[in-house]
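**Student:** What follows is the residue order along each chain.
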Amino acid sequence: MLEIKNLHARIAEDGTEIIRGLNLTVKDGEVAAIMGPNGSGKSTLSYILAGREDYEVTEGDILYNGESILELDPSERAAKGIFLAFQYPVEIPGVATMQFLKVGMNEQRKARGEDELTTPDFMRRVKEAAAELQISPEMLRRPLNVGFSGGEKKRAEILQMALLEPKLCVLDETDSGLDIDALKIVADGVNALRAPDRSVIVITHYQRLLDYIVPDTVHVLYKGQVIKSGDKTLAHELEANGYADIIGAAA
Amino acid sequence: MNIQAGIKLTAAEAALVESYNEQVGELPGDGNTLVARDTLLSDLKTAGLPTRRVEAWHYTDLKSLLKTVPAFLRGASAQRVEPIVPGSTVLSVVNGKAHTRVLPEGITAKSYADALLDGSAADGLVARDADDVIGRINGSFVRDGLIVEVAEGAAFEAPIEIQSVQNCGQVNTRFPVRFGAGAKATVIERHLAIGEDAALVTSVTDMRLADDAEVTWIIFQSEGDADTHLAQFKAELGANAKLRLYVINGGGKLVRQEIHIAVAGEGSDLTLRGINLLGGESHTDVTFTVDHNVPHTTSTEVIRNVVFDRARGVFQGQIRVAQDAQKTDAKMSCNTLLLSDDAEFSAKPELEIFADDVQCGHGATVIDIDHTQLFYLMARGVPENKARAMLVNAFVAEIVEELDDETLVEALEGVISDWLEKYA
Numbered sequence: 001m002l003e004i005k006n007l008h009a010r011i012a013e014d015g016t017e018i019i020r021g022l023n024l025t026v027k028d029g030e031v032a033a034i035m036g037p038n039g040s041g042k043s044t045l046s047y048i049l050a051g052r053e054d055y056e057v058t059e060g061d062i063l064y065n066g067e068s069i070l071e072l073d074p075s076e077r078a079a080k081g082i083f084l085a086f087q088y089p090v091e092i093p094g095v096a097t098m099q100f101l102k103v104g105m106n107e108q109r110k111a112r113g114e115d116e117l118t119t120p121d122f123m124r125r126v127k128e129a130a131a132e133l134q135i136s137p138e139m140l141r142r143p144l145n146v147g148f149s150g151g152e153k154k155r156a157e158i159l160q161m162a163l164l165e166p167k168l169c170v171l172d173e174t175d176s177g178l179d180i181d182a183l184k185i186v187a188d189g190v191n192a193l194r195a196p197d198r199s200v201i202v203i204t205h206y207q208r209l210l211d212y213i214v215p216d217t218v219h220v221l222y223k224g225q226v227i228k229s230g231d232k233t234l235a236h237e238l239e240a241n242g243y244a245d246i247i248g249a250a251a
Numbered sequence: 001m002n003i004q005a006g007i008k009l010t011a012a013e014a015a016l017v018e019s020y021n022e023q024v025g026e027l028p029g030d031g032n033t034l035v036a037r038d039t040l041l042s043d044l045k046t047a048g049l050p051t052r053r054v055e056a057w058h059y060t061d062l063k064s065l066l067k068t069v070p071a072f073l074r075g076a077s078a079q080r081v082e083p084i085v086p087g088s089t090v091l092s093v094v095n096g097k098a099h100t101r102v103l104p105e106g107i108t109a110k111s112y113a114d115a116l117l118d119g120s121a122a123d124g125l126v127a128r129d130a131d132d133v134i135g136r137i138n139g140s141f142v143r144d145g146l147i148v149e150v151a152e153g154a155a156f157e158a159p160i161e162i163q164s165v166q167n168c169g170q171v172n173t174r175f176p177v178r179f180g181a182g183a184k185a186t187v188i189e190r191h192l193a194i195g196e197d198a199a200l201v202t203s204v205t206d207m208r209l210a211d212d213a214e215v216t217w218i219i220f221q222s223e224g225d226a227d228t229h230l231a232q233f234k235a236e237l238g239a240n241a242k243l244r245l246y247v248i249n250g251g252g253k254l255v256r257q258e259i260h261i262a263v264a265g266e267g268s269d270l271t272l273r274g275i276n277l278l279g280g281e282s283h284t285d286v287t288f289t290v291d292h293n294v295p296h297t298t299s300t301e302v303i304r305n306v307v308f309d310r311a312r313g314v315f316q317g318q319i320r321v322a323q324d325a326q327k328t329d330a331k332m333s334c335n336t337l338l339l340s341d342d343a344e345f346s347a348k349p350e351l352e353i354f355a356d357d358v359q360c361g362h363g364a365t366v367i368d369i370d371h372t373q374l375f376y377l378m379a380r381g382v383p384e385n386k387a388r389a390m391l392v393n394a395f396v397a398e399i400v401e402e403l404d405d406e407t408l409v410e411a412l413e414g415v416i417s418d419w420l421e422k423y424a
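Line order of the protein sequences matches chains A and B.
Numbering-wise, the UniProt record's numbering puts 36 at position 36 of the first sequence, and it's gapless, one number per residue.
Numbering-wise, the UniProt record's numbering puts 11 at position 11 of the second sequence, and it's gapless, one number per residue.
The shape of chain B in the complex, shown without the other chains (with noise of 0.2 Å):
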């Protein structure tokens, strides 16, 4: 644990080596998760957090932008709160700490930490590559998360929410996921903040899709004004999957929310649709890569930003094509909708293509609110403010009607509308 000469850690990078000191004694796991984590903080201590000059980290430096660490806090309570779609089958994660109930039959969740503590969960600590920041943090100080299974051919009818509260202090869970053939399941992914005070927050999804599964995911993160959330989704796609991931952004101080899809089997397909709205002082970083590794697979995406006041946004968007994976069909856009002078947004679309018989595109636009569409509203007798209002949900909420589901195009109608309430 010796620091090398000449390498100064920064504030927060030093807190988090304290931190990992600290709580190593009680962290679960057998010897090889303990060499796995001691290896993932090795390598955080000696990269450091990166800065701009790391490519994959150029918008957002988190060198500079994380300032502080805030300590592991034992016994701060919070509690699990009601699913944003009524009926839904709750699991939820509190403070870090996974419950497991009585499940549907089709679907299983086991404690990660359990899995930890066998040594099961030892291999999966591991950054994906040397970038992987979130990983080596996540995999060095994880305690806990939900290990879910959901049967081959299962289906629900209603929505599964895996709720994540915190209150305050450090939170670093892990999800691993797995949909049996055929599956088919509407999974909430939820991170929501109680307290007031900071939080460090950092959470790993890796899921896979067998064939013919067809999901869909909504991570919807609502942490405080003071919290920073660094988060990432794995997933691996079967032949013939089908996922629908929804990626909602209402919150946090400091966000960074990765996403890496393969689509990994013949005819499986990607939509990826986000929502970051965005306000007050909040830095906002989505970053997604999807690699379209054999031939005939489909992917679009779709990114709405509104950015109000000093709030900072990044999209970082890569659609990688195989050498093989002829006839792949990718379309990526970024709309952005600033709505301050101090308002920013930078949108980074790439394309890295080895296979030559395929349709990829991308485009990016920023906007303001349209004056037409204001004065038509207006002319209607609704007032400026209102107005206003209407054509910013209406800008996201287009994204939103794409899910056929009314009740949970409701509820997340519901849920932007409230955020526009507080911030618009």
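Isolated chain A (complex conformation) (with noise of 0.2 Å):
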């Protein structure tokens, strides 16, 4: 599904390195975790990855299925099937949010070739998708994003994912700002997309989220470079020990 070779990154603006020879292998059907104290470039590769240009890579690749998509814009990643939920959610007044949801929707389709979706299809696939998100249809009325709570943003970020399906999802702290009822309900809508050829890299800072969406493999980022691979159990020891070992022994 994803391949990150060797990958150098830094900020466009001041040219600060962030990303230092990273590499990382996720598999088809694969729920990796990326874990990480603070400023290790955690939100900086899920922004790479979904081609934000405030980036600039000078070294290394990103293969997604086995193709650079480093020449690729946002929505042309998007098209392909990458979609990053954001960890701020962005508002943006005068843009209703079924007006937003149609759009993306029917231009990923265009973009692949396929018929937009009719009316009453649209209306249908968001109400069922909004209902499992519990998600109300007074909210869908406003406009995108402005004056969510931090969960309603959250959670209409997953029914975005849910709407688009995508081949690679890629969660940035998706967690924070949730209390345990709201972190539930976005684990389990999470959770209902996990397929055999659907993968998700889900960013934390903390292993709580874990509990919830299991992963198949845990990733240590730190100065912008993986330093530990493993299994959910490094995730535990993560959170019983704290970063301070790993990072001691990789150093």
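Possibly wrong hints are sitting among the right ones.
Derived list of chain B stretches under chain A, where covered just means 3 residues or more per stretch with a C-beta under 8 Å from a C-beta of chain A [claimed, not checked]: (1) 97 to 104; (2) 381 to 389; (3) 392 to 400.
Residues from chain A that keep clear of chain B, each with C-beta distances beyond 12 Å, as calculated [unchecked claim]: (4) 86; (5) 130; (6) 183.
Straight-line Cα separation of at most 30 Å, BS3-like style, residue types lysine-lysine; simulated pairs [to be verified]: (7) 422/B x 102/A; (8) 63/B x 97/B; (9) 386/B x 110/A; (10) 232/A x 80/A; (11) 386/B x 153/A; (12) 102/A x 386/B; (13) 27/A x 153/A; (14) 232/A x 27/A; (15) 386/B x 127/A; (16) 110/A x 422/B; (17) 386/B x 80/A; (18) 386/B x 167/A.
The hints are simulated quantities; they were obtained by calculation from the structure and are not laboratory data.
Cβ coordinates follow ideal geometry from the N, Cα and C atoms, glycine included.
Now that you have both chains on their own, put them together as the hints suggest.
**Tutor:** Structural data, given as structure tokens:
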């Protein structure tokens, strides 16, 4: 599904290098957790995967299903099935949530050469997915993310993910700012999407989310590199001992 | 009609004088009307078109911007068009000639030309002040328009569209409008051009809202790329009257829309919302004054500008609060989205306050497309050009959505996205 090879990347504006030789492989159907202390490059990695132009890749490559995606803009990557659930979903006053969902779904379908959805079909899909995530019709009538609580924004991200049916889902600290009930709803939403042909990268600070979305692999990111990889027990180890031991061993 | 020695008229000024001399014999009016016209024209000739040295015209130097004046055309053809909101009651002025028709109960419309002929309109043919060049040109040349009266307590299911369709040449119209006490209505004042050659359009709307009247008035101007549009909207609000005024500019080469409002009755409220969609080489100026003359009145003004290409825009907004007008609450903001390096916008908000217990404020911003929002839309699969268009649309649609009538919102959003499709 995804192969990141010796990736180096920096902030375009000031040249600060954030990712320094990162290697990571995620197989079809795999749920990979990426953990690491603040400033290790976790969010940057998620933005680079989605194609944010504020970052510049200086070395290495990102292969998605065997093809480099570095030259693709964010909308082209999205059409190929890459989805980023934002840590801070963006408020856009004046864009209705429903309109946004419809445009997003149809533009992706168009890019893949598929027919646009009919309005009844679109409405039915949104209604079903929203109900699963306990998103009220009233919320869908508001402008995109405007006036949503932190939990509502995160649920709206998962709603978009469910509707867009991506192949590679990147969840950037989707657990931040969620109470335990909201966390369960979001985790159930993600688990419902687990499939043999769909991979998930879960970026998180805490073990807590991984109790609900159980990963196949866990990778520790530090100073822009993966310094240790393991199975789900690695997350428990980190929870018990912190990052210091692993960082010490890698240094 | 001698030209004073030493004053040299510009080509446009000379053309106006010449055009007046040529038309005066056929302009409707009695003796008093003719005297009023002559006075306005003579003042126009003496003062000339305003330059940037005239404060009210500082950002729109009409003397240099108005290069030519098209001739008055006899017999240019035009036809009324479908209203913006389907099912509206349409009143039309086609190439400057008003057409009256049977209207729903509670509203009447009479030809302004008749009022000029019988002399009853003569008193209205005066300039607001020494800088009122629109009043002068319009008052000198006006041929027709509609006198609209809405009865006390009247209310209507459908909007009323007053449609002015121009096909080149000169068009000068007036619209005196009266709303009786407690009347409720939504009116769309629409100016559009069908010809490709230049038109000079002047239009003056003069409105009175009696006590408790509630009116939504939408001015939508979509003249052609060669046209000059000089318009004035004046309104006086009685006690507890509410005027919601939307001004949408989406066309014209040289546009000046003046808005002068007196919130004159206690409890009266003005909501002004402006949308300027500017592209090409357009120069568009919205100049606004509001006078809070009595205690306990409110006004809010929000202007949103979208500027592409080499277009230039101007917003001058002045809130004036009289000494007695305590407890006035007035807030004005002007936000501009500049979308090209050559685009330009000048904002001049002003407060002039003589009362000491008021809440007044203003703010102005100039921004580019928000890159985080753009990335977010693209990350969901929306291609860049479409994502940009969505964001520009959102910037102005936010204002339109304040109108609670869904049909109206949909119609205006359609107008905006049509414009964006053409220019963005």
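**Student:** Hint by hint, say whether it matches the structure.
**Tutor:** Each hint, compared with the structure:
Counting residues of the segment 97 to 104 of chain B whose beta-carbon sits less than 8 Å from any beta-carbon of chain A gives 0, not enough to reach three: the coverage restraint is violated. Chain A is given as covering the segment 381 to 389 of chain B, and this holds because 6 residues of the stretch bring a CB closer than 8 Å to a CB of that chain, at least three being needed. Taking a C-beta to C-beta cut-off of 8 Å, the segment 392 to 400 of chain B contributes 6 residues in contact with chain A, enough for the three needed, and the coverage statement holds. Its closest Cβ contact with chain B, about 7 Å, brings residue 86/A to no more than 12 Å, contrary to its assignment away from the interface.
At the 12 Å boundary, the C-beta of residue 130/A stays outside the reach of chain B, the nearest C-beta of that chain being 16 Å off. Non-interface call for residue 183/A relative to chain B: holds, since the shortest CB-CB distance, roughly 23 Å, exceeds 12 Å. For the hint linking residue 422/B to residue 102/A, the alpha-carbon distance of about 23 Å falls within 30 Å, and the restraint holds. In summary, the hint linking residue 63/B to residue 97/B is supported, as the alpha carbons are separated by about 28 Å, within the 30 Å threshold.
Between residue 386/B and residue 110/A the alpha-carbon distance is near 13 Å, which keeps this suggested pair within the 30 Å criterion. The hinted pair formed by residue 232/A and residue 80/A meets the criterion: a straight-line CA distance of about 29 Å does not exceed 30 Å. The suggested pairing of residue 386/B with residue 153/A holds, with an alpha-carbon distance near 23 Å, which does not exceed 30 Å. With a CA separation close to 13 Å, the supplied pair residue 102/A and residue 386/B stays within the 30 Å bound.
This hinted pair checks out: residue 27/A and residue 153/A have alpha carbons roughly 29 Å apart, not beyond 30 Å. Of the supplied pair hints, the one linking residue 232/A and residue 27/A holds, its CA atoms being roughly 16 Å apart against a limit of 30 Å. Restraint check for residue 386/B and residue 127/A: the C-alpha separation of about 26 Å stays at or below 30 Å, so the hint holds. For the hint linking residue 110/A to residue 422/B, the alpha-carbon distance of about 22 Å falls within 30 Å, and the restraint holds.
As the CA atoms of residue 386/B and residue 80/A are separated by approximately 18 Å, the hinted pair is consistent with the 30 Å bound. A hinted pair counts as satisfied when its Cα atoms are at most 30 Å apart, and residue 386/B with residue 167/A qualifies at roughly 24 Å.
Going down the numbered hints, you'll see the structure goes against 1 and 4, while the others check out.
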